[in-house]
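A.B. asks: Start from the sequences and build out the full structure, keeping to the hints where you can.
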Amino acid sequence: EAGVVQSPRYKIIEKKQPVAFWCNPISGHNTLYWYLQNLGQGPELLIRYENEEAVDDSQLPKDRFSAERLKGVDSTLKIQPAELGDSAVYLCASSPTGSSKEQYFGPGTRLTVT
Amino acid sequence: AQSVTQLDSQVPVFEEAPVELRCNYSSSVSVYLFWYVQYPNQGLQLLLKYLSGSTLVESINGFEAEFNKSQTSFHLRKPSVHISDTAEYFCAVLGQGGSEKLVFGKGTKLTVNP
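These protein sequence lines map, in sequence, to chains G and X.
Quick note on the working numbering: the first sequence kicks off at 1366 and runs consecutively.
Quick note on the working numbering: the second sequence kicks off at 486 and runs consecutively.
In short, the hints are calculated from the structure, not lab data.
Beta carbons: idealized from backbone N, C-alpha and C, even for Gly.
Keep in mind that the hints are not guaranteed to be accurate.
[Claimed, not checked] Keeping only pairs whose Cα atoms sit at most 20 Å apart, straight-line, the calculated EDC-like set for lysine to aspartate or glutamate is:
1) Lys-1466(G) with Glu-585(X)
2) Lys-1381(G) with Asp-1439(G)
3) Lys-586(X) with Glu-1448(G)
4) Lys-534(X) with Asp-1421(G)
5) Lys-591(X) with Glu-505(X)
6) Lys-1380(G) with Glu-1448(G)
7) Lys-1466(G) with Glu-549(X)
[Unchecked claim] Some, not all, of what chain X presents toward chain G, calculated at C-beta under 7 Å:
8) Val-514
9) Phe-575
10) Leu-579
C.D. replies: In structure tokens, the structure reads:
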């Protein structure tokens, strides 16, 4: 069974540029999460989807961050414009419906903003 | 809301020595508890979890953790570590019947030296 797939693995951009990250969850997993992991910190939840509905986006900085999961499968997280402080690892995870106890993580996208 | 404190940011040990990584949590409701491991440039992998029942839980690679409700702790132990155990370890808590939000500690970097 394939795991959670994320791309790109690494991204370097200049500040004020836009950037997008893509995630494909494990087949059959209806719940999808995006996490932010700063250097030396644990992951922090940005947004959680149940199918195509964002059920918890309280930690998503909506002035510059957006996310979508149009068909309830893969998802895209976007930052526009990027700031220096956005340099971090962006992790995607998925779980069976309504089961946050079984989260499977992708390898992450390491973003560097210069 | 829940919070997690990992008391040691770095733990260096010699190969075949025992190790304990400490984790304390705070919560106003009952919790589920998790340990995740993150190898360099990889996503998080679930190491073990406490959901209910026996307070001592074990992983397939020799780690164990014990849920102590009175001390609000979930320390991770291994009697004899290997070089390959070098990684970052994250403790996480999920409140029961709440927001389905997994809250992570800041992580403990375990370095096993020959």
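A.B. asks: Each of the hints needs a verdict: does it hold here or not?
C.D. replies: Now the hints, each set against the structure:
Distance hint between Lys-1466(G) and Glu-585(X) is fulfilled; the C-alpha atoms sit about 8 Å from each other, no more than 20 Å. Among the hinted pairs, Lys-1381(G) with Asp-1439(G) is inconsistent with the structure: their alpha-carbon atoms are about 26 Å apart, more than 20 Å. Taking the CA atoms of Lys-586(X) and Glu-1448(G), the gap is near 26 Å; set against the 20 Å cutoff, the hint is violated. Restraint check for Lys-534(X) and Asp-1421(G): not satisfied, since their Cα atoms lie roughly 24 Å apart, outside the 20 Å limit.
For the hint pairing Lys-591(X) with Glu-505(X), the CA-to-CA distance comes to about 16 Å; that is within 20 Å, so the pair holds. Distance hint between Lys-1380(G) and Glu-1448(G) is fulfilled; the C-alpha atoms sit about 5 Å from each other, no more than 20 Å. With a C-alpha separation of about 18 Å, the suggested pair Lys-1466(G) and Glu-549(X) falls inside the 20 Å cut-off, and the hint holds. With its C-beta approaching chain G no nearer than about 14 Å, Val-514(X) sits outside the 7 Å limit, and its interface hint is violated.
Satisfaction of the interface hint for Phe-575(X) is found here, the shortest Cβ-Cβ separation to chain G being roughly 5 Å, below the 7 Å cut-off. This hint holds: Leu-579(X) has a C-beta 6 Å from the nearest C-beta of chain G, less than the 7 Å allowed.
The structure does not agree with the numbered hints 2, 3, 4, 8 stated previously, though it agrees with the rest.
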